[in-house]
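Undergrad: Each residue of the sequence shown is one higher than the one before, starting from 95 at the first, in our numbering.
Bear in mind the hints are in silico, worked out from the structure with no lab data behind them. Note that beta-carbon positions come from the ideal geometry of N, C-alpha and C, so glycine has one too. Mixed in with the good hints there might be a few duds.
Label pairs and their calculated CB-CB ranges [as the list claims (entries may be wrong)]:
no.: 1; residue 1: Leu95; residue 2: Gly131; range: 28 to 38 Å
no.: 2; residue 1: Leu124; residue 2: Leu95; range: 31 to 41 Å
no.: 3; residue 1: Glu96; residue 2: Pro127; range: 34 to 44 Å
no.: 4; residue 1: Ala123; residue 2: Val102; range: 23 to 33 Å
no.: 5; residue 1: Arg128; residue 2: Leu95; range: 40 to 50 Å
no.: 6; residue 1: Ile98; residue 2: Arg128; range: 33 to 43 Å
no.: 7; residue 1: Glu96; residue 2: Gly131; range: 43 to 53 Å
no.: 8; residue 1: Ile98; residue 2: Ala118; range: 37 to 47 Å
no.: 9; residue 1: Ile98; residue 2: Gly131; range: 37 to 47 Å
no.: 10; residue 1: Val102; residue 2: Phe125; range: 26 to 36 Å
no.: 11; residue 1: Phe125; residue 2: Pro104; range: 23 to 33 Å
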Amino acid sequence: LETIFKGVLPFTITVALLMLLLLAFPQIALFLPRLMG
95 LETIFKGVLP FTITVALLML LLLAFPQIAL FLPRLMG
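Model the full assembly from the supplied sequences, consistent with the hints where possible.
TA: This is how it looks when you write it as structure tokens:
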């Protein structure tokens with residue numbers, strides 16, 4: 095279980111940082127839909 099946790103940790107941190115980034119700057123999430131029209 096510890097090995098799995100160590101393997102997944104970088105991805106979990108990356109996802110958490112992306113979520114914080116989207117919460118801080120919602121316009122990032124709306125950028126592509128706005129481009130599409």
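Undergrad: Hint by hint, note whether the structure agrees.
TA: Here is what the structure says about each hint:
1. A hinted range of 28 to 38 Å for the beta carbons of Leu95 and Gly131 is inconsistent with their spacing of about 47 Å.
2. Checked against the hint of 31 to 41 Å, the pair Leu124 and Leu95 passes, with Cβ atoms roughly 39 Å apart.
3. At about 41 Å, the CB distance of Glu96 to Pro127 agrees with the hint of 34 to 44 Å.
4. Distance hint for Ala123 and Val102: a CB-CB separation of about 24 Å, consistent with the stated range 23 to 33 Å.
5. For Arg128 and Leu95, the Cβ-Cβ distance of about 43 Å falls inside the hinted range of 40 to 50 Å, so the restraint holds.
6. For the pair Ile98 and Arg128, the beta carbons lie near 39 Å from each other, so the given range of 33 to 43 Å is met.
7. Checking the proposed 43 to 53 Å range against Glu96 and Gly131 shows it holds: the Cβ atoms sit about 48 Å from each other.
8. For the hinted restraint 37 to 47 Å between Ile98 and Ala118, the CB-CB distance of approximately 30 Å leaves it violated.
9. One distance hint, 37 to 47 Å for the beta-carbon pair Ile98 and Gly131, holds here, with the actual separation near 43 Å.
10. Hint check: Val102 to Phe125, Cβ distance near 28 Å, so the stated range 26 to 36 Å holds.
11. Checked against the given bound of 23 to 33 Å, the beta carbons of Phe125 and Pro104, roughly 25 Å apart, stay inside it.
Checked against the numbered hints above, the structure violates hints 1 and 8; every other hint is satisfied.
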